[in-house]
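Protein chains: 4
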Amino acid sequence: MDHARVLAQVHDLVKDHIGRGRVADYIPALSRVDPGRFGLALATCDGEVHGVGDWRTPFSVQSVSKVFTLALVLARDGDTIWRRVGREPSGNPFNSLVQLEYENGIPRNPFVNAGALVVTDRLLTLTGDSSGELRSFLREASGNPAVDVDTEVAASEEAHSHRNAALAHFMAGYGNIDNPVQDLLHHYVRQCSLTMNCADLALAAGFLARHGLLADGSRLISRSEAKRINAVMLTCGTYDEAGEFAYRVGLPGKSGVGGGILAVIPGRCTLCVWSPGLDAKGNSVAGVAALDAFTSLTGWSVF
Amino acid sequence: MDHARVLAQVHDLVKDHIGRGRVADYIPALSRVDPGRFGLALATCDGEVHGVGDWRTPFSVQSVSKVFTLALVLARDGDTIWRRVGREPSGNPFNSLVQLEYENGIPRNPFVNAGALVVTDRLLTLTGDSSGELRSFLREASGNPAVDVDTEVAASEEAHSHRNAALAHFMAGYGNIDNPVQDLLHHYVRQCSLTMNCADLALAAGFLARHGLLADGSRLISRSEAKRINAVMLTCGTYDEAGEFAYRVGLPGKSGVGGGILAVIPGRCTLCVWSPGLDAKGNSVAGVAALDAFTSLTGWSVF
Amino acid sequence: MDHARVLAQVHDLVKDHIGRGRVADYIPALSRVDPGRFGLALATCDGEVHGVGDWRTPFSVQSVSKVFTLALVLARDGDTIWRRVGREPSGNPFNSLVQLEYENGIPRNPFVNAGALVVTDRLLTLTGDSSGELRSFLREASGNPAVDVDTEVAASEEAHSHRNAALAHFMAGYGNIDNPVQDLLHHYVRQCSLTMNCADLALAAGFLARHGLLADGSRLISRSEAKRINAVMLTCGTYDEAGEFAYRVGLPGKSGVGGGILAVIPGRCTLCVWSPGLDAKGNSVAGVAALDAFTSLTGWSVF
Amino acid sequence: MDHARVLAQVHDLVKDHIGRGRVADYIPALSRVDPGRFGLALATCDGEVHGVGDWRTPFSVQSVSKVFTLALVLARDGDTIWRRVGREPSGNPFNSLVQLEYENGIPRNPFVNAGALVVTDRLLTLTGDSSGELRSFLREASGNPAVDVDTEVAASEEAHSHRNAALAHFMAGYGNIDNPVQDLLHHYVRQCSLTMNCADLALAAGFLARHGLLADGSRLISRSEAKRINAVMLTCGTYDEAGEFAYRVGLPGKSGVGGGILAVIPGRCTLCVWSPGLDAKGNSVAGVAALDAFTSLTGWSVF
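Protein chains in written order, with the numbering used here: chain A, 163 to 465; chain B, 163 to 465; chain C, 163 to 465; chain D, 163 to 465.
Because the hints were derived from the structure by calculation, they are not lab data.
Among the hints, a few may not be true.
Note: identical chains are not told apart, hence a pair may lie in one copy or across any two.
What the hints assert, rightly or not - With a Cα cut of at most 25 Å, we get these calculated DMTMM-like pairs of lysine to aspartate or glutamate:
#1 Lys-443 x Asp-241
#2 Lys-177 x Asp-208
#3 Lys-177 x Glu-302
#4 Lys-443 x Glu-403
#5 Lys-177 x Asp-345
#6 Lys-177 x Asp-216
#7 Lys-443 x Asp-178
#8 Lys-177 x Glu-265
#9 Lys-177 x Glu-263
#10 Lys-443 x Glu-265
#11 Lys-443 x Glu-210
#12 Lys-177 x Asp-196
#13 Lys-443 x Glu-406
#14 Lys-443 x Glu-263
#15 Lys-443 x Glu-320
#16 Lys-443 x Glu-302
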């Protein structure tokens, strides 16, 4: 396949969607992003990268980071994390306390905020520095040593973290958080505030297309664990729009309110798209449209 | 691939799971089924069928019927049904009223009972006889003119339908049911009480593997609608275990409390497995194990 | 106390509130009532009656009937009803299914619709004709043989009873309804559709002010049961406004969407006020204002 | 009335209940209390005090303090607090986050933990030292300068405050908390950790029986505000048992997990009972029995 030509076609097809939707505005640092940006990168399993648009422009990864913290915990700890977090879709907005209360402090899956806090808590216990660990991994796996925390975004998020603090304290009350809540939030916020571009993210996620193997052929996680992450991405990766995303795109995907979406075509490649305008559920409007166009053009959907 | 050999291998691998779990006992007619039964059939896109075990023994299709009523409504009515029912996973037990109340009478998806009632209501309005219509379709698509309603099961279910009556009246209160509740329940129960064997179901669902085409090459639903049904099956087809099923099996699947599970491998084939012992979430224990073994042996999982 | 003078003063004080609010419009028969009507009656423990305004004009008693069906069940059956219905405030709108689901089919109290259905179900089992029994009681206790069901209202309500049917079927699914749902709804609707005037209701409720004794000195319910009903009225009698009513009026009270409110001053008298304009919670605007004014003038509040 | 004789009779009647129930054990400092203790004090409106049993033994006031913080805020601020907290019963356990989420961060009433945190937040803003202010008030109103915080209990509670921290952060996320959560919790915990005896509490609450007047005749809160507090106590003062308490006791009452219950008979007297064994809802078993016996003996119930 001529990847470059397909990406160019996709870019062309989604032009009308770029700029639509609403840029995340719950913190000032995110709200200042230009809604007209759009980037798309594809990384093949053997490490080739292609891109169009602003694919080299760094953006705030936000919840896309949850895929990688989960992988790092599985890599170190195997299946034990599943005692503390479920693997089922939530059917509720991503930060809801209601379901957490009815299920006694066990979050539904690792991609709702509560679940990602539990995963981060475990990574913090295992490493003593979860955000540092994640940054190191992402620098190496993307090959970009400039990957770093945007400290302005991090500071801004930390100042607006009441809801996450509530989730963490609530789960701590059920004994499902091991670290001090303040430390946990500090690392969680730093992880969400990492800045990467589309190429970085597509390359860093390559192990999900390679059934658990890193670019150098060494194993990060088992084949089964890679399958697990992909399954959770497909069923839970795009907030309360996972069903719609499964239909339109038909690929495992994880979105973030920074406007990024990471998608995996197992055995073939990874994709990362970025455009800051979000739909009502918090997913990038042009990003979903681009992945939709890509799978239509290539026929690489799952269904 | 030597289908017969693979099916025999699968049968061998799941022997220990057969008989495990609990047979559905909310109605007497279902509770009398022998928990030691197991059947598995595979139908290729060109209509070849293979099977092992009790693949020719009829069983109660129950919620597996929901796939076909949805397809029949899409075939007649196109996308309009999605104004009355959502497409997202539910995150609650399959017959919960709670989510329905918070979402003003719009069920989360067509495979929770409330959603299937809405779909049946529409088919009833469109045809005047939804259960008759479904039976005709299934007879023709399976090539088995003996497909029929088990009237003892239907009578028993109709006598135990308070929860479904509550759902229907509740939605009717929101204006989301058009037919008299009693008529609706009558047809809904008859649809669930259809008796078919694994070969029948695998053949009848062939259009989902053929991107919407029936065995004779005529189109039942559009390519896009077939993709939609498969996506809804993957994310919502196995009650509150869809995430686990997506991981273990990695295929669009729809289960029923009669112990049947229908699965689709788009472009290749359909599978139907049956074994009456259910896990805590209501899915066949040996059935899930068999589909898991099948995708492991063939590598035909989505992830 | 010069009752007539106090009632006249109250009438004068609430003039500005009469006509405010919204007349119940979920059925046509109720929506046609003139919002400018206002009546207030007081019945002393020895059977004297005073009134102002439209105190002799019949209106639809609606949920005020729930007080009497509860009393009739307690009279026949003692405390056993409390195994099937709770006695605590609900904290949810009066017809919510959510709480019912979380509490496994046991309604919170006898004045939410679900609870009143359970009470009616019991009265129907005990008597074979609960609405007939209630009518007989109300005719005798009010001394007005013309008390009867408004069949137009009843027919209209029966045609709009999907929500109550859902509640009844839902509880039946938990084994908490003994009679066929259709029969139950028929009697329930007839009970709500009884037409009485302020004097009738004040007189009929006299046993609650007389600690369980009827006007002729015979005992309907025990002193303790009368206390129980009054306590439930104070904490649960005015939908999701019980706290506000307790403060403003400070008396046991039960309202209905027909615009009536019954209030009890134990040991002294009963009051019934009627004015059809309802506030957002479903209580009569001028009715609450009148009872507020009455307790302010007399100092007969509980607090 | 011979108060001493009535109290002695009550003591006698409840002997079998003393020691029943479960002492609060969520913090070690509370769990060490002897379950066999029982005290009861009555303070008349003119400041006479009577008591039986351990009525001079200090205990942890816990949630009984919520009555006084509410009064202090109303005294300084009038009705404005009701914009931030409701006045309706909750129908959910006292520390539930669910209702808070569905009602956008506005707690149902000032006696659930969330509501008491909002009231404390306001008192902290108004005074700069809410727990100090409360202590000063209680010392003066009880005439006991030894009233003080039990620092061991306070430290223990502060170390176990995840659930309250979750509530506070959650409301802060909705903009309904003004002070830093840590400061707020510090004061809240100190208020709950105040140690007083039955006589102290009965005397300190005298203003609720005197329609807002302190013992020296000066006004703390308006007559209407006193009525409001009493109404909230009756409908919401005993967790999810308010309906049962209203029936059995029939008085405004506020309980705490330390085993204390404060009750008010407007115009007559206040009562404070203490016995550490709690029922399943968190109210003192012997305490409720004693107030029940008292109202039965005196006939001073509301109903």
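Hint-by-hint comparison with the structure:
In this assembly of identical chains, the alpha carbons of Lys-443 and Asp-241 lie at most 25 Å apart only when taken from different copies (21 Å versus 30 Å within one copy). Taking the shortest Cα distances, Lys-177 and Asp-208 never come within 25 Å of each other, neither inside one copy (30 Å) nor across copies (40 Å). In the homo-oligomer, the alpha carbons of Lys-177 and Glu-302 never lie at most 25 Å apart, since the shortest distance is 33 Å inside one protomer and 46 Å across protomers. In this homomeric assembly, Lys-443 and Glu-403 come within 25 Å of each other (Cα to Cα) both inside a single copy, at 7 Å, and across copies, at 23 Å.
With identical chains, the CA atoms of Lys-177 and Asp-345 are never at most 25 Å apart, being 42 Å at best within one copy and 49 Å at best between copies. Within a single copy, Lys-177 and Asp-216 get their C-alpha atoms as close as 13 Å, which meets the 25 Å cut-off; across copies the closest is 54 Å, which misses it. Taking the shortest Cα distances, Lys-443 and Asp-178 sit within 25 Å of each other inside one copy (20 Å), while across copies they are farther apart (44 Å). With identical chains, the CA atoms of Lys-177 and Glu-265 are never at most 25 Å apart, being 43 Å at best within one copy and 34 Å at best between copies.
Within a single copy, Lys-177 and Glu-263 get their C-alpha atoms no closer than 43 Å, and across copies no closer than 39 Å, so neither meets the 25 Å cut-off. For a Cα distance limit of 25 Å, the shortest separation of Lys-443 from Glu-265 qualifies both inside one copy, at 23 Å, and across copies, at 15 Å. In this assembly of identical chains, Lys-443 and Glu-210 lie within 25 Å of each other by CA distance neither inside one copy nor across copies; the values are 32 Å within and 43 Å between. For a Cα distance limit of 25 Å, the shortest separation of Lys-177 from Asp-196 inside one copy, 15 Å, qualifies, whereas the shortest one across copies, 59 Å, does not.
With identical chains, the CA atoms of Lys-443 and Glu-406 are at most 25 Å apart both within one copy (11 Å) and between copies (24 Å). For the identical chains of this complex, Lys-443 and Glu-263 are neighbours both inside a copy (22 Å) and across copies (18 Å), given an alpha-carbon limit of 25 Å. Only within a single protomer do Lys-443 and Glu-320 lie at most 25 Å apart by alpha-carbon distance; the minimum there is 23 Å, versus 37 Å between protomers. In this assembly of identical chains, the alpha carbons of Lys-443 and Glu-302 never lie at most 25 Å apart, being 32 Å within a copy and 42 Å across copies at closest.
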